[in-house]
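Residue strings, one per chain:
2 protein chains.
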Amino acid sequence: MRIVLIGAGNLATQLGMELKEKRHQVMQVYSRTAKNAQELASKLNCAFTDDLFSVAQNADLYIIAVSDNAIEAVLSGVNIGEGLVVHTAGAIGIDIFTPYCKNFGVLYPLQTFSKQKKADFSTIPFCIEANSGENLQTIKDLAESLSKKVFNVSSEQRLLIHLAAVFACNFVNHFYVIAEQLLRDGGLDFDLVKPLILETASKVVEHPPKEVQTGPAKRNDSIVMEKHLKLLENHSEWSELYKLISSNIYHNK
Amino acid sequence: MRIVLIGAGNLATQLGMELKEKRHQVMQVYSRTAKNAQELASKLNCAFTDDLFSVAQNADLYIIAVSDNAIEAVLSGVNIGEGLVVHTAGAIGIDIFTPYCKNFGVLYPLQTFSKQKKADFSTIPFCIEANSGENLQTIKDLAESLSKKVFNVSSEQRLLIHLAAVFACNFVNHFYVIAEQLLRDGGLDFDLVKPLILETASKVVEHPPKEVQTGPAKRNDSIVMEKHLKLLENHSEWSELYKLISSNIYHNK
Chain A
926 MRIVLIGAGN LATQLGMELK EKRHQVMQVY SRTAKNAQEL ASKLNCAFTD DLFSVAQNAD
986 LYIIAVSDNA IEAVLSGVNI GEGLVVHTAG AIGIDIFTPY CKNFGVLYPL QTFSKQKKAD
1046 FSTIPFCIEA NSGENLQTIK DLAESLSKKV FNVSSEQRLL IHLAAVFACN FVNHFYVIAE
1106 QLLRDGGLDF DLVKPLILET ASKVVEHPPK EVQTGPAKRN DSIVMEKHLK LLENHSEWSE
1166 LYKLISSNIY HNK
Chain B
926 MRIVLIGAGN LATQLGMELK EKRHQVMQVY SRTAKNAQEL ASKLNCAFTD DLFSVAQNAD
986 LYIIAVSDNA IEAVLSGVNI GEGLVVHTAG AIGIDIFTPY CKNFGVLYPL QTFSKQKKAD
1046 FSTIPFCIEA NSGENLQTIK DLAESLSKKV FNVSSEQRLL IHLAAVFACN FVNHFYVIAE
1106 QLLRDGGLDF DLVKPLILET ASKVVEHPPK EVQTGPAKRN DSIVMEKHLK LLENHSEWSE
1166 LYKLISSNIY HNK
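If you read the sequences in order, they're chains A and B.
In this note's numbering, each residue's number is its place in the first sequence (first place is 1) plus 925.
In this note's numbering, each residue's number is its place in the second sequence (first place is 1) plus 925.
Hints were generated in silico from the structure; no laboratory data involved.
Some hints could be false.
Identical chains blur together in the list; that is why a pair holds if it fits in one copy or across any two.
[Said to hold, decoys possible] Calculated lysine-lysine pairs in the BS3-like style (CA-CA distance at most 27 Å, straight line):
(1) Lys1043 x Lys1143
(2) Lys1027 x Lys1155
(3) Lys968 x Lys1042
(4) Lys1155 x Lys1168
(5) Lys1152 x Lys947
Predicted model, so just to flag it, every value in this text is computed and none were measured.
With the sequences and hints as input, model every part of the structure.
This is how it looks when you write it as structure tokens:
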């Protein structure tokens, strides 16, 4: 299968390298920033372009891995005829393709990607969707060559999964940011809480998160919570978060 | 060193078993609930009691591993003379001992414990404190027999660490709870986001959390955020959290 990769960000980079490793033929990389396109193309040993009109028209599959709000611009600018086009976004419905393509679908890898860190695709759940049984099968075959976990998921379900992922990843990471800043303000090292962070994540792989909740909010230990809030006096936003979440934890027992 | 363990909860259980494994002599377990005391004592092959007056008076070290608000009751009820007493709490100052003991300190393992899951003590940071150099050395020797990471930390710093831990563990776990409930409400499995949860935690072991933040809030992608908020329409508390944290992430870039 001859693949064109549209995008050169974190996901496009990791996905491109994994496709190459699994012996798929990435024939071209597009990015609106020539430097980024070139950088990824050199890793994949393929052609590149920063011009949508120059995207190859004879590929079997076009993978759009750009930020959500750039997908429509790509679709309206590129000329891909009968080729199968997929996007990789959690929060974009499959109907975004309707005005532009005949064969389309979604290949959404449920993971957070960085350019530096190699992703282990074999553990990543892929949520797939397509406009026909034949296209779904093509996408499924590709996804299964990368991961053992491939799921047929509707656009509505995918949005819900994406929302859950925002809580479990982005919002969680924000609390790591707060913890890091609190410790730094006290002249302490973020390293201190890293074993706790890893254990907290590992625990819910084996146990329902509600069952393993601990801490002052769950016990409704108001003396400890008052002490904490005093430390947060100069951080009104964190203090507001602290109260809201503690109350949530207590009432959600 | 002859040790009395006061408490039979998650931490007391894990700590007791680790002390035994490291060839320390736990001579007695106290819990106000006889059944719990007996259960742990049978694991440690030692005596037990549910009566504070019957706590052995000839131990070298008393480790109080009960919930924060029960520590004072233990101290006022137990008769331990010159023995060294430590508590294991993050949010309780060392001065709680002053009216009751001559030799005292703190041995705070910065980790979340469950009864079922064996803790890997070698990676757990221990925050220690004592009322004298000699007692500090005793506590340090014990802590270093369990872990490579032992830190002298004041009561003020320890409270700050505990607060950071509440964000990085309890509040994070609450977001796992929300993600699980969102998925369940949509007929989807929590397993879907487990690889994401593990990757999000692993990432910040190597990179500062602020640098690896991703998602719609960071990009200020209001279209996606509106879609998410629509899904949260019937969950006013989660919706409030969503807005507050998204705004926090965006302004904290």
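Results of checking the hints against the structure:
no., hint, result
1, Lys1043 x Lys1143, "between (37 Å within a copy, 22 Å between copies)"
2, Lys1027 x Lys1155, "neither (60 Å within a copy, 30 Å between copies)"
3, Lys968 x Lys1042, "within (15 Å within a copy, 43 Å between copies)"
4, Lys1155 x Lys1168, "both (12 Å within a copy, 24 Å between copies)"
5, Lys1152 x Lys947, "neither (54 Å within a copy, 35 Å between copies)"
The structure is inconsistent with the numbered hints 2, 5, although it conforms to all the rest.
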